[in-house]
Every structure is written in C-alpha cells, then in structure tokens.
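> Sequence:
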Amino acid sequence: MKLITQIKESIIFLGFLKDNNPVYTGTGFLIQVDNIFYVVTAKHVVEKDFKNMFIFRNSKNFGINYRPIAEILQKGLSWKVHQNSSVDIAMLPFIMSDEDRVKFVPKELFIDNEKEISELTELFFGSYQPGINDLDKQINSVVRKGVVSRINPEKTFYMDGFAFPGNSGSPVFLLPTSIKIDDNGSVQIGAPMQVKLAGIIGAYVPYEDVAISQQTGRIKNISTENTGLALVHSTILLNEITRSDSFQEQHQTILQDMRKNQNKEYGEKQVKSSEDKK
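According to the numbering used here, the residues represented by the sequence shown are 3 to 280, in order.
You can take every hint at face value.
In silico DSS-like cross-links for lysine-lysine, where the CA-CA straight-line distance does not exceed 27 Å: (1) LYS50 x LYS82; (2) LYS198 x LYS82; (3) LYS147 x LYS4; (4) LYS157 x LYS147; (5) LYS139 x LYS105; (6) LYS53 x LYS82; (7) LYS77 x LYS262; (8) LYS53 x LYS105; (9) LYS4 x LYS198; (10) LYS109 x LYS147; (11) LYS50 x LYS20; (12) LYS62 x LYS77.
If you are wondering where the hints come from, they were derived from the structure by calculation, not from laboratory data.
Can you build the whole structure from these sequences, using the hints too?
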C-alpha cells in the first residue's frame, strides 16, 4: 500500500448525527501506542458537547462506520491532554471493531526533535473540507500543501497554508524533498527527506478588518478574515502527552486488561481443546 494511502486511511472525522446523517465538525487521525489505538485531534474540537459526538471512519465494506464517543467514555476511559493548557491536542483510546479498516500513522513517522523542522520546510496535510466531504459515502480527506513560515518557542509553528473550520485536528506531515535547509540556513541537496508526522493543526490565524464610518468616526463593522496561516502544534508535544503520568496510568491499565483477556481466551481454548480430545 502506498504511504499516502495509509495516511489518508488513518484520518477520521469527528462530528454529530442529524437525521441519521453525519455532520462533520473536525478532523483527527489514528495512531498506535503499544498495540493500542488512539484518536488524536485538536483539543478544542472535543471540549464542548463531546459526549454527543461521533467518530467517523471507513469500514471494510467501503462505507462509513461511526462510534459514539460516549460509548468509549462509559468504559471508564478519558481524553488525555497536555499539562500545558495552551497545547491544543487531545487523545482518546479507540477500540477497533471487526468492520473497521485498520490503518494508523506509525510511531516511526513521529518527529521527536525540533531540528527536523525549519522555516521553508514543505508540508502536506489531510483534512475534512466543508463543501466537499459532506456528501461523500466514504471518509476521503482532502490533501493540501503548506510551508513552515515561522518556528515558535512553544514547540509550535505557523504553516503558510489555508486552514478552515473543520480542518482542526488534521495531521501535518513533512513533504519528501531532495532540498533541505539546515539549522544554519544552508541549503542541502541530497537524498529525499522521509515523510514524518510534523504536528497537528490547531486553528487558522484570523485578522480583523475594521470599517470606520467617515461621518461619525465610529466603528461601523468588524469582519474577520483568514490570514492564510495556521497554528500547528508539533508532534513533540504529542510525544510529551504519551509520556505523561496521566496518560501512562490509563495506558497501563488498558494493557493489563488486554493481557487478562488474552490469558482468559487462551485458557478457554485450552479447555475446549482438552474436551475435544476426550
């Protein structure tokens, strides 16, 4: 399978059901930590009314499966976020069904070093796009390109690439290229750079256009415009969440439950095998 196909298959949409039809409000993607699947998205996407939200992903029969987030929470599981409240990333354990097409962004593609990202680095990202995906019979994200326009000190960066409502939570990847700019600003030409998960889209950066009345000098209208820049939270912050005590406590509990279930299934198979031999 082509890597871009696997990346697109790992992308999920989040939203609600209205008259049994999906209404998408955000994007996310699946990763795997120690054989456990997690949904990753922007925290603000699931901060309000998330108990009524659904996770939409592709099924093996080329349709769309959806699962209520409330169903996952009822198992005693919870969203995990960064200890820094300004980090717009959230993770939730996700239990696959037999009908799901199982694809995820492998851990090997995560960047874990800020030096892997520099200004003018080319990027691509996959997202739910309002007006295009709403009537689709499958989760088929739109893939677009961007460029790192500024590195911020908080392990975030600005991407020169239009993002819109619904794009929040989208995975952003380094675009393979034979040209790379190093830390000193020097251009290196050589082997293609590997595709890697660079970060998660938080939100587009707006600016306000203020109209002033020539007669009264008062503000007549304020319109919000899209600057064409999007704030991206780097994968380094995602890694920090997975290493946190809060995440590890829940994660280890899930692993223990998995081992218990596996041992139980193994024991039942052994008993059945013994009975069959009698």
